[in-house]
Every structure is written in C-alpha cells, then in structure tokens.
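Trainee: Since each chain comes alone in its own frame, lean on the hints to assemble the complex.
The chain contents come next:
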Amino acid sequence: MALPEPDYDSTDPAKSFGIPSAGITVSFGSKQITKITDLSWKKRGLLSKGRSAPWTDDAGSVSVTFMGTGPSANDWMALGTLVITGGGMDLNTPAICGEVSAKASLNGITSYSVEFKIYA
Amino acid sequence: MAANFKTPHDSTGTTVSFTPNAGVASNLTVTNLQYSLSSQSSSDELDVSHLGLTAGSQVLTQSRPLQGQSNGETGREIQVDYVGDEVFEDDTEGTLTLGGGINWSGEAKVTSSSLTLAVNDVIRGSVTFRIERKAVT
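Protein sequences appear in the order of chains X and P.
Mapping the first sequence onto this note's numbering, position 73 (from 1) lands on 73, and the numbers just tick up by one.
Mapping the second sequence onto this note's numbering, position 58 (from 1) lands on 58, and the numbers just tick up by one.
If we strip away everything but chain P, and leave its shape as in the complex, we get (with noise of 0.2 Å):
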C-alpha cells in the first residue's frame, strides 16, 4: 500500500515564485529544481576544529578575519526548469519563493536565463538564481 507521507525523493507540489524588486511576479511551473544551499554564512566561517577535541564535540568555527559584503552574493545557485514562456532578465534582483517540497526564501538575482522553442514541444525555460546575503541590520 503506498505510503501518504511525503517521502524525501517526492518533489510534488513544489512552487517557485520571483518578486522582482521592481516588476510583477512570476510563478514558475516548475519541471526541474536544483538546490544548493546550506547555510548563508558559511561560507564566513572557518573549521577550527582540532584534535584535542573529544569525539562526538561539536566542530568548532570561527570568523574569517575579512568578511564579504553585507549585500553580497554567497556564491550559492538555485537553477530552475520550468514550463513557459517567462523571460527573466539578467541582474534582476528580488525575493525568490520556493514552496512545497522545501521552504526557503531570500534575496536573489537573475545570473543566466534561456528559452527553448522547439517543434513538437511547449516551451521550456530555464533560469539561475545567485543567492545574496541578507543585509546585516
């Protein structure tokens, strides 16, 4: 009997919607979702760990000495597939919304886009988000 519970290979549901700061919406029909993201400062976090610590400690960090820009990017991608014909605009910054299957939101930016036309097929797009580092306040 199958299972009701959502099982983590099961991707159904999931929505993709970018605000641009200035412009309307968009919400994707997404066929495609690669997401990379595990922490938006860690990559301002250096492992100092070392081998007096007992096992099962917890892994010790400290802050780099220089740290990026408070509005910089993290280096983090989020690639999107999707069915339409949604023109994303390189540069373009907002608030990317993803939904369902995982829940996350945050500053981004449009760093690569296409559109394919082909015969016998709807049209398909894909779009890249850079993920930006939330402004420290």
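Bound-form chain X, shown alone (with noise of 0.2 Å):
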C-alpha cells in the first residue's frame, strides 16, 4: 500500500507556502532573455544621501543568469525597458545593460550572466 501522499500541490495557490518561482518571463527592449535560472532585483539600497529630501545615486539593479538568449557584451550601455513578469517578481523599469558575464562549466552547460542598473 502506498503512503499518502503530502497535502501539497505547488499548483494550488491555496495549498501552497508561497509564490512559486516559476512561470517567469524577462524581457528588456526587444530582447526576450529565456531559460533564466537565478533573477534577483534590488532597488534603493543605500541609504538617502539628501539633505531636504529622500535621495540616492544608485536606483537599484536587477541580475540575470540565463542559459539561453538574451543581451550580450555588444548591449554593454543600452537603455531599454525592463519587464518581470511572473514568480511574484514583478517589475517594469528603465534600465542600462550593464556587465555581461558567460562561464562553461565542465561536462556541464554554458550560461550567461548580465547585470542592469535601474534607471529612474
């Protein structure tokens, strides 16, 4: 006889424990940037350096790492819109390509990170 299964279905919002990392979509300018396997968005982390109002230089970034397409080197410096959809990651901005970075990994597969910096 087999055990119960686990009352779990990461399908059912109403048995789940959080949003799902899953169905997430990236796009900035024209370019869709697809199998994506780490997203992280940061915005406004320091702290403000104003004097009469909130105010700070850095606006925040977003980091990528994708194995499939998505910006190279050649984009380094292009203004384009960012969009996040999905996986409670949600975001639409301007931002600049920043760093593109690529690693091969041995008896492994090659993947793609690129940086952008918000820009707003």
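No lab work stands behind these hints, which were simulated from the structure alone.
Treat the hints with caution; some may be incorrect.
Quick list of simulated restraints, FRET-style, between CB atoms [what the hints assert, rightly or not]:
id: 1; chain 1: X; residue 1: K103; chain 2: P; residue 2: E86; range: 48 to 54 Å
id: 2; chain 1: X; residue 1: D57; chain 2: P; residue 2: Q34; range: 55 to 61 Å
id: 3; chain 1: P; residue 1: D91; chain 2: X; residue 2: S63; range: 47 to 53 Å
id: 4; chain 1: P; residue 1: G13; chain 2: X; residue 2: K42; range: 56 to 62 Å
id: 5; chain 1: X; residue 1: S40; chain 2: P; residue 2: G99; range: 49 to 55 Å
id: 6; chain 1: X; residue 1: P54; chain 2: P; residue 2: L46; range: 42 to 48 Å
id: 7; chain 1: X; residue 1: Q32; chain 2: P; residue 2: Q34; range: 23 to 29 Å
Calculated Cβ distances over 10 Å to all of chain P for the following chain X residues [as the list claims (entries may be wrong)]:
id: 8; residue: S21
id: 9; residue: M77
id: 10; residue: A78
Listed next, the stretches of chain X that the computed footprint assigns to chain P, with coverage defined by at least 3 CB atoms under 8 Å from CB atoms of chain P [claimed, not checked]:
id: 11; segment: 53-65
id: 12; segment: 92-102
Beta carbons are placed, not taken as given, at the ideal position from N, Cα and C, and that holds for glycine.
Mentor: In structure tokens, the structure reads:
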C-alpha cells in the first residue's frame, strides 16, 4: 500500500506556502531573456544622501543568469525597458545594460549573467 | 488487528543472490541491506529546468556533453550484511539480484567484504557491491 501523499500541490495557491518561482519571463527592450536559472533585483538599497529630500544615486539593479538567449556584450550601456513578469518578481522599469559575463562548466552547460542598472 | 499487506518498513522476505560471471551463485541469509539506486542514467543527466517553466511542469533534463564508459560504474552501492561464511573476492563481477521487499537485478562488482568471527555468535559477513552501468547496445 502506498503511503498517503503530502497535502501539498504546487499548482494550487490555496495549498502553497509561498509564491512559486515559476512562469517568470524577462525582456529587455526587444530582447527576450530565455531559460533563466537565477533572477534577483533590488531597488534603492542605499540610505538617502539628500539633505532636504530623500535622494540616492543608486536606483537599484537587476541580476539575471540564463542558459538561452539574452543581451550580449555588445549591449553594454544600452538603455531599454526591463520587464519582469511572474513568480512574484514583477518589475517594469527603464534600465541600462551593464556587465555581461559567461561561464563554462566542465561536463556541464554554459551559462550567462547580465546585470542591469535601474535607470529611474 | 494486524494488516495483512506489506508495509514500507516491513523488510521480511528479502532475498539477495550474487552470481559471478565465472563461479557459483551465492544466496545470502540477509540481516541488513542498504540500497541506494534511483536511476542508472541519472549521473549522465543535467537538470536544465528554468524559471520560465510553470508550476507543476516536468523537470527538464539534458545529457551531459561527456559520457561515462558504457561498462563503467554508476557510483551507486548496495551493502548487504548476512549470516554465513560466504567469502567474496574483491573486484568479482557478476549479476546481483534482489527480491522480496524490493526487486532489482543488474551488473555489480564486489568492492569490499568482511567476515566476523566472535565468541558465542554465528559467523557474520558484510559485502558491498558497486552497481555497474548496463552495456549500451
């Protein structure tokens, strides 16, 4: 006799303990970033430097690691609209493409990382 | 009332036999068996799932660029403790067959074995098999 299955269904929001990190899409300008394995963003992380009003020179950044298509090094300093949907990660903001890096793994697959600076 | 069906923790009825490629089969009187084997090809697969998959999707896998030898080892092991004086020579290859609580049969190689003789006890042995990859045909 099989053991009873745990009362957990990742597709049923009523039985989930958090938002599933799934179904996430990311685009930058006209480019779709595909096969994303890691995604994070932060906004306005520094304390205010303004004297008369809250102000910072760091609007935030977005880091994306992916295995498929996305920005290349030629997109460095390109300005576009970064749109993230799904997985509770929704964000729609102007951004500048910063560092693009690639990493090859022995007996693995090559992955790419790109960091965007939020421009707002 | 005791249930008359097999429960997951009931290991009674387990049988283990090892037939060397050249030699006589051994049927062991098993006292303990540790089994770790999910998939013989799992070590050759990469998990390439990504955040674009929707919840409930199947995990995506892709073959590694490099493959192990077709007759190489999987790295998975089965350790058997038994009562008896059966001696297993290291590096002996053959067919290992498990029955009863679990049913599995495959190519295996003896990687270590030991016998213990103690006062006022029966002779006890322990043998560890490493599972080999089935030949690709």
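Trainee: If you test the structure against every hint from before, which numbers come out violated?
Mentor: When the structure is compared with the hints, numbers 7, 8, 11, 12 turn out to be violated.
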